[in-house]
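Chemist: Chains as they are written, first to last, in the working numbering: chain A, 177 to 414; chain B, 17 to 420.
One thing to keep in mind: the hints can contain errors.
[To be verified] Only some residues are given here: those of chain A computed to face chain B with a beta carbon under 8 angstroms:
1) N251
2) F266
3) N270
[What the hints assert, rightly or not] Covered by chain B, per the in silico footprint, the following chain A stretches (three or more residues, Cβ under 8 angstroms):
4) 252 to 264
5) 315 to 324
6) 390 to 397
[Unchecked claim] Per label pair, the in silico range of CB-to-CB distance:
7) B/S322 - A/E194: 26 to 36 angstroms
8) A/Q253 - B/W20: 25 to 35 angstroms
9) A/Q366 - B/E323: 38 to 48 angstroms
In case anyone wonders, no lab produced these hints; they're calculated from the structure.
From the three backbone atoms N, C-alpha and C, an ideal C-beta is built for every residue, glycine too.
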Amino acid sequence: MLMSMQRVSKLYGEGESEIAALREIELQIDTGEFVALMGPSGSGKSTCLNILGCLDVPTRGEYLFQDVPTSRFDNDQRARLRRRFLGFVFQGFNLLPRTSAVENVELPLMYRGVHARVRRARAMEALAQVGLAGREHHSPAQLSGGQQQRVAIARALVTDPAVVLADEPTGNVDTARAREIMEVLTRLNQRGITIVMVTHEADMALYASRVVRFLDGGIVSDVRQTPLAIATAEGAAA
Amino acid sequence: MIVWNAIHETLRQLRRNPMRSMLTMLGILIGVAAVIAMIALGRGASARVGNDLSGLGQNLLFVVPGAPSSGGPPHRNDAPPFDERDARAIQREITGIAGVAPTVTRSGVAVYAGQSRRTTVNGSSAAYFTVMSWHLATGRLFNDAELRVGAPVCVLGQTVRNALFGITDPIGATIRIGNISLRVVGVLAPKGSSSFGQDQDDLIVVPLATHQRRISGTHDVEAIFVSARDEAESGRIRADIDALMRVRRHLHVGETPDFTVRDMKEIAAMVGSITGVLTSLLAAIAAISLLVGGIGIMNIMLVAVSERTREIGIRLAIGALGRDVLAQFLIESVVLSAIGGIAGITLGLTGSYAITRKLDIPLEIDPLLIVVPFAFSAAVGVLFGYFPARKAARLNPIDALRHE
Ligand SMILES: Nc1ncnc2c1ncn2[C@@H]1O[C@H](COP(=O)(O)OP(=O)(O)OP(=O)(O)O)[C@@H](O)[C@H]1O
Ligand SMILES: [Mg+2]
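Working from the sequences, and respecting the hints, build out all of it.
Modeler: Structure below.
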């Protein structure tokens, strides 16, 4: 099992004002899946994704990544795990401002000690994969919302991660741009990268092979489905 | 490589906030420049004092009335003055002496053809010129007859000569000081200004008898300058003068003397220790401004960390370890202070050059004076950057990402 949550709870606050963002969640995700996490606002989707991505730690329960329990990891060990296996795409395009697209994409490689020249080549290639060839030297302010989100995806995939975790990657873009983003994610998934994505939109969940629904910090349904077929790579980039 | 990237990042950050970066660096810049300038100045000044004193001759001693005080000038209170007989006694009784110059000093206004100048008027013996290392530029010194009878003749320092005569030849001219007339017989070669900024050439010398009779109006002698034939003997001569004067002034054994004998080595050591203390004091004050600069850096780095919290969250999420973030901010503050340091060194050196030029003191710069402030400013960057950087490195990625 790639990722496994065992009776994971996440509590915020203390005593009277205690809020359970997650209540004893059981969730297993296998290599190669494309999972959509859905549910109303405040139901715990982001919290779950952050724990899956080792950005956050459960209050109770155990989270295993590749069968290794992570509850005793320190900050550095979690950072190393993220560095080695994971790529992130956040809502609201977390790019570094005033930093060109290609430099943003190079950043994870820099922290992995990749040589500058190799870094540049791989970043260019990743940008080409998300259909941004020719925009490498634009800064985030010079890119549209959809383009920025694709830069963020390029940044997530440039390290060849085992898993890409995306929190509402289409949250801030219109439907047409959202489809382009979903097609990019689908192609990553077809290359064998596991995708876990939080979304509000049923349309976007159609691209996933599995839909997990949250309500009040618990999982209320977990359904496998045939993902929406996408057009060819040329079609997507157009 | 991480370091290189961090420096690259830093330069980008600095360009992003040019005004802020410059003001922050200014703190370090001023601190470093001040430290360099103060030390260079202090060293230059003590070198200058040393030169001047040794220019007077290591074999110079002087005797003045008044009990010796540690360090400072002698206490004068009501110690009986010396007179010419004391000087003659020294000349007669003590061996190894090259010259004895009993001296009186007054200030007076010299007038010639509508030009006037307030200056120092010294009365002394023929030995005065050799004892005080004066050389003649033109004319002659006093002859024996003039000295004996107290003839109305004088020798001018270069400054007085320029003030009164300009380019005309002063030899043979008659100047007035108060209501007496003096014929100029010679002009001294210039010595320049002393370490204390005082113009040594601003003087007129007259025979002692002339001075006593017509200017000071007493038989007293204010100081007796003595030069030893051999510098190595100045200690012995000093002791001999001390013993002689005790006898002449009827002091009991062990009684505190009412006069002071000093030699130049002592004076040099005294002045050296004073300028040393002064230099360290100035450097300490300058170092405080460097410290203040460091606090400025810390302040700006704290602002930078909270401004860029979200960025730190992103970096932590995409693969940075805590220590990468630590290194980034630490390097940023070191680069900031090092640039300030380099600018400060440049300013400090040009400043010291200009000031030493103006004050006519030697510019003493050794490599340490450049290396140490630079290392110090970098250290300030590390020291004051560490706390903000550690704060950044310890951020929880989720909290950082949520930060507005
Ligand atoms: N740092 C926190 N402190 C306190 N409560 C928190 C914190 N983070 C999340 N919560 C609470 O935990 C619950 C789950 O939050 P979470 O962000 O996982 O919801 P979500 O399903 O992602 O919602 P949305 O769709 O609006 O993003 C919410 O009630 C939220 O208020
Ligand atoms: Mg959310």
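Chemist: Indicate, hint by hint, whether the structure satisfies it.
Modeler: Each hint, compared with the structure:
Annotation: interface hint on A/N251 holds; nearest CB of chain B at approximately 6 angstroms, less than 8 angstroms. Hint status for A/F266 relative to chain B: holds, with the closest Cβ pair at about 7 angstroms, below 8 angstroms. Among the interface hints, the one on A/N270 holds; its C-beta lies about 5 angstroms from the nearest C-beta in chain B, closer than the 8 angstroms criterion. Here the segment 252 to 264 of chain A counts 7 residues with a CB under 8 angstroms from a CB of chain B, which clears the bar of 3, and the coverage holds.
Taking a C-beta to C-beta cut-off of 8 angstroms, the segment 315 to 324 of chain A contributes 0 residues in contact with chain B, too few for the three needed, and the coverage statement is violated. Three residues within the 8 angstroms Cβ limit are the bar, and the segment 390 to 397 of chain A against chain B gives 0, so the coverage statement is violated. In this structure the supplied range 26 to 36 angstroms holds for B/S322 paired with A/E194, their Cβ-Cβ distance being about 29 angstroms. Restraint check, A/Q253 to B/W20: a C-beta distance of roughly 27 angstroms satisfies the suggested window 25 to 35 angstroms.
Restraint check, A/Q366 to B/E323: a C-beta distance of roughly 40 angstroms satisfies the suggested window 38 to 48 angstroms.
When held up to the earlier numbered hints, the structure conflicts with 5, 6 and fits the remainder.
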